[in-house]
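First to last, the sequence lines map onto chains A and B. Take 4 as the starting number for the first sequence in our numbering and just add one per residue. Take 2 as the starting number for the second sequence in our numbering and just add one per residue.
Since the hints were made in silico from the structure, they are not lab data. Please note that a few of the clues may not be correct.
Among chain A residues calculated to face chain B with C-beta under 7 Å, some are [unchecked claim]: (1) Arg-292; (2) Arg-293; (3) Ile-297; (4) Met-305; (5) Glu-310; (6) Pro-326; (7) Tyr-328; (8) Arg-329.
We put the CB at the ideal spot given by N, CA and C, even for glycine.
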Amino acid sequence: MPRVTLETLPDYARYLITTAESAAKDYPATRKVQLPRLELTAHVGPGVLADALGHAFVEAAQDQRESLACRIFILHPGIAGIPEPARWGDAHFTEHGFAERLAEAGLRGHYFHDLDFWQVYDPQSRTGVQLMASADAFPPWEPTAPLRAFLHWEYAARSMRLTHAGTLGANGKGMLLAGAGGAGKSGTVAAGLLNGLDSVGDDYVLIDLAGGVTARPLFSTLKQDPRGFARLGLKQRLSNESPLNWQGKHTFHIADIAPRPVPAALDIVALVVPHISGGETSSIVPMSRRDAMIALAPSGIMQMPGERESGFRFFGDLTRLLPSYRLSLGTHPEEIAGTIADFLTRVAS
Amino acid sequence: MMRDSNAYAVASRDIVFESFDGEAVVLNLANGKYFGFSDSGSRVWQALSSGVDAQALIGLTAGGSTIAAAELDHFISQLLDLGLLARLEATAQPLPGELPAELAATSEPLHVSIHDDLADLIIVDPIHEVEEPLGWPAVKQAS
Chain A
4 MPRVTLETLP DYARYLITTA ESAAKDYPAT RKVQLPRLEL TAHVGPGVLA
54 DALGHAFVEA AQDQRESLAC RIFILHPGIA GIPEPARWGD AHFTEHGFAE
104 RLAEAGLRGH YFHDLDFWQV YDPQSRTGVQ LMASADAFPP WEPTAPLRAF
154 LHWEYAARSM RLTHAGTLGA NGKGMLLAGA GGAGKSGTVA AGLLNGLDSV
204 GDDYVLIDLA GGVTARPLFS TLKQDPRGFA RLGLKQRLSN ESPLNWQGKH
254 TFHIADIAPR PVPAALDIVA LVVPHISGGE TSSIVPMSRR DAMIALAPSG
304 IMQMPGERES GFRFFGDLTR LLPSYRLSLG THPEEIAGTI ADFLTRVAS
Chain B
2 MMRDSNAYAV ASRDIVFESF DGEAVVLNLA NGKYFGFSDS GSRVWQALSS
52 GVDAQALIGL TAGGSTIAAA ELDHFISQLL DLGLLARLEA TAQPLPGELP
102 AELAATSEPL HVSIHDDLAD LIIVDPIHEV EEPLGWPAVK QAS
């Protein structure tokens with residue numbers, strides 16, 4: 004099995020892209036997904052990932068201006084002409100060093116050691132490769148937000164950004180909910196959707212800063228741990244209860260609980276950092292931009308491969324464009340949603 | 002410490018910072034650690050990282066009291082230990098004219114807080130981030 008070092012990394016990435024393109028006729032299936040300003044074509048074999056591409060996205064309208072096309076090849080050695088993935092061959096590996104080396108060559112990439120799972124992307128030709136040791140040798144989080152690294156690289160190259168935040172909105176105006184895992188983002192989004200509010204996503208949304216702060220949907224998946232699932236009454240509401248995911252959470256889709264179709268965009272008017280207060284009622288009070296930035300940026304930057312400095316600048320700009328608030332979450336979903344709806348009405352007016 | 006050199010600079014190009022209403026947030030791109038500064042700490046950080054003479058800060062009013070040499074020494078030591086600042090073998094810059102008034106308007110003492118949320122993130126979504134400088138395969142352990 005070949006070994007790749009920092010020195011040979013760009014050559015290996017180029018080799019993967021060339022190999023994928025030359026074997027294009029041998030791919031069993033092609034999936035097209037229309038996303039905001041992006042038509043994604045994935046060449047993929049049947050299986051869990053192909054299924055995920057069919058239901059994990061919120062598809063955008065077809066006739067968008069500025070829409071560009073990207074192609075992603077999802078590969079494994081079971082497809083003719085596709086080699087075994089290489090192994091990392093240097094003693095030293097850092098995510099940052101890996102990404103920097105590729106960036107010097109105009110490329111983007113990520114490597115997950117446990118599975119010899121490679122993702123490389125050429126933003127010039129908008130071609131990406133995901134090489135796996137076998138058809139199902141992908142990290143367990145991949146089906147929830149498939150190909151998100153490629154979307155991250157493609158949108159970052161166009162000054163937009165996948166942002167790790169939840170969203171809630173009403174009448175086209177919305178808030179970003181930021182914070183580390185466990186802060187209450189997902190529960191708040193589900194509480195809002197169940198009580199008449201809109202959302203364009205509870206985990207990763209696409210943010211555009213051209214002309215204000217706009218959030219657009221990419222992924223349709225929602226997650227809840229069993230306690231939140233029961234507290235929100237989802238056990239009764241969702242008839243087809245799926246098995247728990249790798250985090251021990253239930254997964255379902257925005258459309259399963261949303262009061263109306265997912266809006267194409269929300270005009271974001273506030274950056275909100277939720278926390279579970281333990282109190283009965285919810286409240287929303289101003290907080291410093293510094294603290295809001297620290298809640299928003301680390302997960303958005305560190306959960307995505309590469310583009311760290313551009314991400315830091317982007318989230319800095321985003322934070323400066325919005326008023327920041329701390330949301331102390333009460334215990335009743337209806338009350339939480341009501342507090343948020345009142346707040347949105349007030350801030351948007 | 003300050004007796005050897007009064008001039009400092011940002012330690013490397015991996016240290017980036019943004020300012021929000023006068024309060025700085027610093028990120029080390031190499032390891033993902035974030036640093037939040039108090040209001041007076043933000044202004045001192047910005048002064049020191051642009052090469053302003055550290056000695057010139059002693060005796061200025063900040064956060065409701067006077068910056069003492071020992072307090073500034075401690076703060077600079079922290080920034081050096083955290084890998085945010087490095088000593089600069091060059092002539093220090095003079096104190097910017099507006100800085101004393103900006104410092105006098107601050108309300109918090111010199112302080113930097115560390116936000117190392119990676120451990121949490123690895124639990125949420127384990128991309129492989131590793132301890133510097135050991136590198137792979139010394140995966141950073143969630144604590």
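Comparing the hints with the structure gives:
| no. | hint | in the structure |
| --- | --- | --- |
| 1 | Arg-292 | holds, 4 Å |
| 2 | Arg-293 | holds, 4 Å |
| 3 | Ile-297 | holds, 5 Å |
| 4 | Met-305 | holds, 5 Å |
| 5 | Glu-310 | violated, 10 Å |
| 6 | Pro-326 | violated, 11 Å |
| 7 | Tyr-328 | violated, 14 Å |
| 8 | Arg-329 | violated, 15 Å |
In the structure shown, a violation is registered for the earlier hints numbered 5, 6, 7, 8, in ascending order.
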